[in-house]
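Chains as they are written, first to last, in our numbering: chain A, 1 to 172; chain B, 1001 to 1213.
Incorrect hints may appear among the rest.
[Unchecked claim] Coverage of chain A stretches by chain B, computed from C-beta distances (three or more under 8 angstroms per stretch; other residues unrestricted):
1) 19-28
2) 37-48
3) 70-78
4) 83-90
5) 98-108
6) 124-136
7) 163-170
[Said to hold, decoys possible] The calculated EDC-like cross-link candidates involving lysine to aspartate or glutamate, where the alpha carbons are at most 16 angstroms apart (straight line), are:
8) K102/A - E1205/B
9) K89/A - E1205/B
10) K102/A - E1207/B
11) K60/A - D1155/B
12) K101/A - E1203/B
13) K101/A - E1205/B
14) K101/A - E1207/B
15) K102/A - E1022/B
To be clear, the hints were calculated from the coordinates, so they are not data collected in a lab.
Using N, Cα and C, we set each Cβ at its ideal position, and we do this for glycine too.
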Amino acid sequence: MAHKKANRLSWWMGGILMSLLLLLTISTFGADRPIGASTYVPYISGLIFNLDPEHYTYLKSINNAGAWEGVMLIGVLFGGFITSVFITKTFRFSLVPSGWKKYKNNSVLSRLSWSFFAGFIMIIGARLAGGCTSGHFLSGMSQLAMSAMVFGGVVMATLLITGKFFYNTKGS
Amino acid sequence: MNEVIFKTDGEGILSRFYQMIESVIEQGHGSVALVFLIGVIFGGIVQYARVDKFEKIAGFAMLKDTIVPKMLFLAVGLSSIAIYFMVEAGVTNLHVKPIILPGLIIGGILFGASMAILGKCPGTGPVSMAEGRIDVMVGAIGGLLGGLVFTLFYDDVFQPLQGESLGTTILPNIFEGNEEMSVLIFGAVVVLIAILIPKLEMEDELEDKDALR
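All chains should be modelled from the sequences, with the hints used to inform the complete structure.
Rendered as structure tokens:
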């Protein structure tokens, strides 16, 4: 099964570029703040459901960070779209990832319900911890923050345990 | 300059959108163009490295793909050394999140489990949406509702659950007198881990078939 690999960056080139982007962002020449990618979610919930930040302690506390990440998110969507169409040529509409078909099931309903449920839990978890893979793992650990190391350790362990028991990885 | 055309006090999603842009202009963490560009590059790197894929993230949870931890650990190892010396040189400031143990542990458990199931995180999810993954769009609707619930029950449930902050300690604080050495060792060990993790890849038959055409 020697398939030709899709056009993509190697892991080390991706890691170096991501590091350079973080350094640019956090430096005083850039944005003087780390990269984060989960505060925008409750911020956009506030926009969609028209919640007044003055009436909600949480929305008020994330007003600046949420707006910053909201603008970054528009860039992420744009950059992801352009790259998928013109560089990797991987843009396609799909409902069930092939890895889910192979290690879980073929059901569209199952994939969509689990996605909805996991998305819901993920944001509650990220906001409880005060960060996600970008804010804690990438930005936090790069600043040697102990909070990020606690979060990173717990996430890594739970991720692997869930992966082991949620999917049928044996006998394939 | 604070009475720009974006100044809107209205409600509704469009004026809230203008308020978002206005907030970025006023908070002094880079221009709107720069923040947008940071997003474009972030999305571009993630998409080009294909680490937003289910097969990469859930694949790592199944220990059948190790591209994500290799790339992430390399980025962290390199950045940790660079950021420490950038602080010394006065060209950056630290923005360290507090150690809120119950929040970090409960949040980490919820986050890790959902990341294994969704096969995305909040940074890689939007990239997947941008490349047409409808299941991730459904996940995002779940996420937006999660954000709503968190906001609505923050005072009564979630903030008490997070617990007290134990401060914003960073690793070099623990090794007083050997700060620089502790940073160099941490960075070198993390880079070494990135290199030593065996390279495993879960094939995505659909994408590889596309690449053959």
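Now the hints, each set against the structure:
1. 19-28: The restraint on the segment 19-28 of chain A holds, since 9 of its residues have a Cβ under 8 angstroms from chain B and three suffice.
2. 37-48: holds (count 11)
3. 70-78: holds (count 9)
4. 83-90: As far as the segment 83-90 of chain A goes, the hint holds, because 6 residues have Cβ atoms under 8 angstroms from chain B.
5. 98-108: holds (count 4)
6. 124-136: Three-residue rule met by the segment 124-136 of chain A, so holds; n is 13.
7. 163-170: With 5 residues close enough to chain B, the hint holds.
8. K102/A - E1205/B: holds (10 angstroms)
9. K89/A - E1205/B: OK: K89/A and E1205/B at ~15 angstroms, within 16 angstroms.
10. K102/A - E1207/B: Since the Cα atoms of K102/A and E1207/B sit roughly 14 angstroms apart, the hinted pair holds (cutoff 16 angstroms).
11. K60/A - D1155/B: holds (12 angstroms)
12. K101/A - E1203/B: Holds, at about 12 angstroms.
13. K101/A - E1205/B: Answer holds: K101/A to E1205/B is near 11 angstroms, not above 16 angstroms.
14. K101/A - E1207/B: holds (14 angstroms)
15. K102/A - E1022/B: violated (46 angstroms)
Of the hints listed earlier, the one the structure fails to meet is number 15.
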